[in-house]
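Line order of the protein sequences matches chains A and B. Quick note: numbering that gives the first Met the number 0 has the first sequence finishing at residue 427, numbered continuously throughout. Quick note: numbering that gives the first Met the number 0 has the second sequence finishing at residue 427, numbered continuously throughout.
Just so you know, not all the hints are guaranteed correct.
It does not matter which identical chain is used: a pair holds within one copy or between any two.
Claimed, not checked - Below 25 Å or equal to it, Euclidean Cα-Cα: the simulated BS3-like pairs (lysine-lysine) are:
#1 Lys209 to Lys331
#2 Lys411 to Lys331
#3 Lys331 to Lys277
#4 Lys350 to Lys331
#5 Lys350 to Lys209
#6 Lys350 to Lys277
#7 Lys350 to Lys221
#8 Lys221 to Lys209
The hints are simulated quantities; they were obtained by calculation from the structure and are not laboratory data. All values reported here derive from a predicted model rather than from experimental measurement.
2 protein chains.
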Amino acid sequence: MNLSRPALLTDHYELTMISAGLRDGTAERHCVFEVFARRLPTGRRYGVVAGTGRLVELVRDFRFDETEVAFLRETGVIDAETADWLSRYRFSGDIDGYAEGELFFPGSPILTVSGTFAECVLLETLILSVLNYDSAVAAAAARMVTAARGRTLIEMGSRRVHEEAAVAAARAAYLAGFGYTSNLAAGQRYGIPTAGTAAHAFTLLYEDEKAAFAAQVAAQGKNTTLLVDTYDISQGIRNAIEVAGPDLRAVRIDSGDLSVLAHQSRELLDSLGATETKIIVSGDLDEYAIAALAAEPVDMYGAGTAVGTGSGAPTAGLVYKLVEVDGRPVVKRSENKATVGGRKLAVRRHKPTGTATEEIVVSQGMPEQLPHDRALQQSYVVGGEPAALPTLVESREHLRQCLISIPWEGLKLSGGDPAIPVTIVPAG
Amino acid sequence: MNLSRPALLTDHYELTMISAGLRDGTAERHCVFEVFARRLPTGRRYGVVAGTGRLVELVRDFRFDETEVAFLRETGVIDAETADWLSRYRFSGDIDGYAEGELFFPGSPILTVSGTFAECVLLETLILSVLNYDSAVAAAAARMVTAARGRTLIEMGSRRVHEEAAVAAARAAYLAGFGYTSNLAAGQRYGIPTAGTAAHAFTLLYEDEKAAFAAQVAAQGKNTTLLVDTYDISQGIRNAIEVAGPDLRAVRIDSGDLSVLAHQSRELLDSLGATETKIIVSGDLDEYAIAALAAEPVDMYGAGTAVGTGSGAPTAGLVYKLVEVDGRPVVKRSENKATVGGRKLAVRRHKPTGTATEEIVVSQGMPEQLPHDRALQQSYVVGGEPAALPTLVESREHLRQCLISIPWEGLKLSGGDPAIPVTIVPAG
Numbered sequence: 000m001n002l003s004r005p006a007l008l009t010d011h012y013e014l015t016m017i018s019a020g021l022r023d024g025t026a027e028r029h030c031v032f033e034v035f036a037r038r039l040p041t042g043r044r045y046g047v048v049a050g051t052g053r054l055v056e057l058v059r060d061f062r063f064d065e066t067e068v069a070f071l072r073e074t075g076v077i078d079a080e081t082a083d084w085l086s087r088y089r090f091s092g093d094i095d096g097y098a099e100g101e102l103f104f105p106g107s108p109i110l111t112v113s114g115t116f117a118e119c120v121l122l123e124t125l126i127l128s129v130l131n132y133d134s135a136v137a138a139a140a141a142r143m144v145t146a147a148r149g150r151t152l153i154e155m156g157s158r159r160v161h162e163e164a165a166v167a168a169a170r171a172a173y174l175a176g177f178g179y180t181s182n183l184a185a186g187q188r189y190g191i192p193t194a195g196t197a198a199h200a201f202t203l204l205y206e207d208e209k210a211a212f213a214a215q216v217a218a219q220g221k222n223t224t225l226l227v228d229t230y231d232i233s234q235g236i237r238n239a240i241e242v243a244g245p246d247l248r249a250v251r252i253d254s255g256d257l258s259v260l261a262h263q264s265r266e267l268l269d270s271l272g273a274t275e276t277k278i279i280v281s282g283d284l285d286e287y288a289i290a291a292l293a294a295e296p297v298d299m300y301g302a303g304t305a306v307g308t309g310s311g312a313p314t315a316g317l318v319y320k321l322v323e324v325d326g327r328p329v330v331k332r333s334e335n336k337a338t339v340g341g342r343k344l345a346v347r348r349h350k351p352t353g354t355a356t357e358e359i360v361v362s363q364g365m366p367e368q369l370p371h372d373r374a375l376q377q378s379y380v381v382g383g384e385p386a387a388l389p390t391l392v393e394s395r396e397h398l399r400q401c402l403i404s405i406p407w408e409g410l411k412l413s414g415g416d417p418a419i420p421v422t423i424v425p426a427g
Numbered sequence: 000m001n002l003s004r005p006a007l008l009t010d011h012y013e014l015t016m017i018s019a020g021l022r023d024g025t026a027e028r029h030c031v032f033e034v035f036a037r038r039l040p041t042g043r044r045y046g047v048v049a050g051t052g053r054l055v056e057l058v059r060d061f062r063f064d065e066t067e068v069a070f071l072r073e074t075g076v077i078d079a080e081t082a083d084w085l086s087r088y089r090f091s092g093d094i095d096g097y098a099e100g101e102l103f104f105p106g107s108p109i110l111t112v113s114g115t116f117a118e119c120v121l122l123e124t125l126i127l128s129v130l131n132y133d134s135a136v137a138a139a140a141a142r143m144v145t146a147a148r149g150r151t152l153i154e155m156g157s158r159r160v161h162e163e164a165a166v167a168a169a170r171a172a173y174l175a176g177f178g179y180t181s182n183l184a185a186g187q188r189y190g191i192p193t194a195g196t197a198a199h200a201f202t203l204l205y206e207d208e209k210a211a212f213a214a215q216v217a218a219q220g221k222n223t224t225l226l227v228d229t230y231d232i233s234q235g236i237r238n239a240i241e242v243a244g245p246d247l248r249a250v251r252i253d254s255g256d257l258s259v260l261a262h263q264s265r266e267l268l269d270s271l272g273a274t275e276t277k278i279i280v281s282g283d284l285d286e287y288a289i290a291a292l293a294a295e296p297v298d299m300y301g302a303g304t305a306v307g308t309g310s311g312a313p314t315a316g317l318v319y320k321l322v323e324v325d326g327r328p329v330v331k332r333s334e335n336k337a338t339v340g341g342r343k344l345a346v347r348r349h350k351p352t353g354t355a356t357e358e359i360v361v362s363q364g365m366p367e368q369l370p371h372d373r374a375l376q377q378s379y380v381v382g383g384e385p386a387a388l389p390t391l392v393e394s395r396e397h398l399r400q401c402l403i404s405i406p407w408e409g410l411k412l413s414g415g416d417p418a419i420p421v422t423i424v425p426a427g
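Work out the full structure, taking the sequences as your base and the hints as a guide.
Have a look at this one:
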């Protein structure tokens, strides 16, 4: 379900390049573009491919209506020939790439777009916007899931990021293994379970905390979460159990030293007979804060700002580069010499135990396939038509399996090298 | 022009609170919520209010259609009474706040929302999403504008952020004083001038650089910008002038040590007679990199990633807090004691020379007005109806004037205290 028209979510220069290329016919040359990261954010050991499912729908809807073409004409961005071409535009090429939930490393060709220069270059901005944001969120969220060691995570960062980015962030966090989101649009669009009960404002609305808790329990029953830190946490917990009884599902603590408070709260709940009542903590949690609570009696984490902003790496650093023109490999000469032209195929190599050891990326050829290799690319779009894709739940399971497969050092939160090396084999 | 339906861009708990409050009537209590920042991002000296113009349109369109209500009912988020209430929902309260382009500091009440609890709490998530993102971008962009010392800036970061966030970022950067954006949707929706000519891919598409330059000049004339760093920059500049002649408008350099390259390129251009040809530089520029180029012969900067991601502060830290219920000030007791309940009015105090000295914020009362004080709040929505707002160009000029008015230390890029203090006067 796309809610906005994607065609103008595009950089001006994509259209001036098309205008120039259409005049002399070069815009019709067959090209291959690849999306990859030159490096991971500082200290990160893997990236997570996310957003491709969303992207395929946007590519399908990428058409210019009369108003958009008129805007481009009137502002002088395009000439008459380009206006005519755009009004008939529909991507008719192929898109292949790594599955959503797949890990990537510097040089992994995570998306390959082939077709004429014009039809492919036109998608550059949108492709990078979607993949850079969603992958940044998914990578940060995956680290939080690792840090949570099996405890459930709730994504609640919508208010910290652009309102539509929030929906994409909820999707990427769920892909990464979060259990719930607070974002209702993500629930509607993607079927992600949503969660939420009450804010401090609800408690402040009533004469006292007990009245607020009573109103909440009257509406939602005991299977709810009472927020106990509006005034005094110990008294809040006593009030919660007094009002809801020891069968209350959960309390939430959103401030203070969560490590100390979780411990004290557990003891107090147990002393009140609420031994099954869960403790949910929230408040500026990132992967490090979550890891620091591993030994505390916490049942669930709410994470917000750090999810939607990529926990220090708000964009994934993915670029979209022309690698082939009419079958000829091309490369920008002045850049890092490691860049290799030509369309690439990739496999991930594993030990017989299933542990990944290396990624092999071959330009203009087939990688040798060893027994435990896994080919990394799948079809997303064939001749302009979207291919059948895994569900979001399947992609989520795929990522879970990928994270099991990397060497254990790759799951450390501390800074270090990529979990596995990528070997790029040039053409010829 | 809103392109998506905003009602579900909302946290689940806003609706469970409304459900609970409607059962006992408390949801109809008259409330005042305020948006403010407890602190600025580390080292920042001011915040910039941005997004309110966008927000007012979203509030106007904030309605629940049948599909949305059905989704909320079927998933058990709301009960039947709340479903009925939501299907009739339309914000009927008042929204006041600081103008777009106004500066803010810790404690500045930048937005005040009043009405029933239910109608106000429902807007919390959307209000914070819009203001947190747009203000984060505007503050970073304003620092870049200061660093550029009058030279023109082009926002070209769309590909680094969520595709819809990119449009909001272009708007916020223009508000902050950028001259152009690469984002076409921002051009269409907000009338912001767009710019762009060609990427490295365009040069790679042709047999050689001169052929690519010739194609671009044939399409766009000499009043274009040739990207000269695909192969060798010196040869690129020679090729550019050979093809376009010394009247070429500009060359762009997107890689390498821009300081050295700008200097060498200026000398080379001058030696080729292209003394009027401008030099545009781009490539991971933030406010510090821009400042470092102040003495170099650069004419224009292209800034991308750092703009859309807030240059290290991707969210503005704004919160939405209930401060008054039926005229009674309320405050969450366990937090920082500096928090003051009650609806607040704000003025900025100035020296007779026009330099700002202090912000005075009074709870439940009128600030004393001295001769050079300026009241900071204006009407955005009155009784549910949007008020007349300044244009984006007017808001841009307002910010420019505000930045002139703060003490000069406030414009330093280095870390430090807020440019002026905020004095909050409690009620009574």
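### Query
How do lysine 411 and lysine 331 come out at 25 Å by Cα distance, when the copy is not named: within, between, both, or neither?
neither (35 Å within a copy, 38 Å between copies)
### Query
Is it within, between, both or neither when you check lysine 350 against lysine 221 at 25 Å Cα-Cα?
neither (50 Å within a copy, 58 Å between copies)
### Query
Using 25 Å as the alpha-carbon threshold, which applies to lysine 221 and lysine 209: within, between, both, or neither?
Intra 14 Å, inter 74 Å, cutoff 25 Å: intra-copy only.
### Query
Can you tell me if lysine 350 and lysine 277 fall within 25 Å by alpha carbon in one copy, between copies, both or neither?
Cα proximity of lysine 350 and lysine 277: none, with 41 Å in one copy and 56 Å across.
### Task
Could you figure out if lysine 331 and lysine 277 sit no more than 25 Å apart (CA to CA) within one copy, between two copies, both or neither?
Close across copies (23 Å), not inside one copy (56 Å); limit 25 Å.
### Query
Checking lysine 350 and lysine 331: alpha-carbon separation at most 25 Å within a copy, between copies, both or neither?
neither (36 Å within a copy, 56 Å between copies)
### Message
Cα distance capped at 25 Å. Does lysine 209 pair with lysine 331 within a copy, between copies, both, or neither?
### Response
Result: close only across copies, 15 Å inter versus 67 Å intra.
### Task
Pop the pair lysine 350 and lysine 209 into one bin, within, between, both or neither, using alpha-carbon distances up to 25 Å.
Classified as neither; 59 Å inside a copy, 50 Å across copies.
In summary, the numbered hints that this structure violates are 2, 4, 5, 6 and 7.
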